[in-house]
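S.K.: Below are the chains, spelled out letter by letter.
Protein chains: 2
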Amino acid sequence: MKAYVYVSLKKSVLDPQGKTIQGALKKMGYKGLEDVRQGKYFEISLGDGLDRTEAEAEVGRIAREVLTNPVIEEYRFSLED
Amino acid sequence: MKAYVYVSLKKSVLDPQGKTIQGALKKMGYKGLEDVRQGKYFEISLGDGLDRTEAEAEVGRIAREVLTNPVIEEYRFSLED
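If you read the sequences in order, they're chains U and V.
If you use my numbering, the first sequence corresponds to residues 5 to 85, in order.
If you use my numbering, the second sequence corresponds to residues 5 to 85, in order.
One thing to keep in mind: the hints can contain errors.
All copies of an identical chain are treated as equivalent in the list; a pair is satisfied when it fits inside any one copy or across any two copies.
To be verified - With a cut-off of at most 27 Å between alpha-carbon atoms, the simulated DSSO-like pairs for lysine-lysine come out as follows:
#1 Lys31 - Lys44
#2 Lys6 - Lys30
#3 Lys35 - Lys23
#4 Lys35 - Lys6
For the record, the hints were derived by calculation from the structure and aren't laboratory data.
Since this is a predicted model, take the numbers as computed values, not measurements.
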């Protein structure tokens, strides 16, 4: 089973890296961009020993406790067989 | 319309950052992890001036030409209304 965890800055937190990318893309001539925000993305391969419920709990715990800084970041994740 | 672009290292490329995260998680007692790979994730807000086909072309071009290093990375993206 594979888990995909996406970590991004909270909407209320300024994202200077995203703003820089947006500015660069605009200068390069790309049209129609209103906002760019950058985040992190983790692809976790899980062993066969876990069923779906256990995997969901384990990945949730990892995302919450390790991969995300709860002060400024939020996460979401999805599981795939 | 929103576009989500995911950039990750090609499967054939070693990901030391992911290996480090995996090692740290294992030491912390998390079970059942076989592999961890890290990538980047971009959330792009597009203006209303673009229809779906144009948006797909524009985001594909941005992902291919700017956000991804084609030598070592691959990308995928999805659009959401």
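S.K.: Now look at each hint and say whether the structure bears it out.
M.R.: Cross-check of the supplied hints:
1. For the homomeric pair Lys31 and Lys44, the shortest alpha-carbon distances inside one copy (25 Å) and between copies (22 Å) are both at most 27 Å.
2. For a Cα distance limit of 27 Å, the shortest separation of Lys6 from Lys30 across copies, 17 Å, qualifies, whereas the shortest one inside one copy, 36 Å, does not.
3. Proximity of Lys35 and Lys23 under a CA criterion of 27 Å is satisfied intra-copy only: 15 Å inside one chain copy versus 38 Å between copies.
4. Taking the shortest alpha-carbon separations for Lys35 and Lys6, only the inter-copy value of 14 Å comes in at or below 27 Å, while the best intra-copy value is 35 Å.
When held up to the earlier numbered hints, the structure conflicts with none and fits them all.
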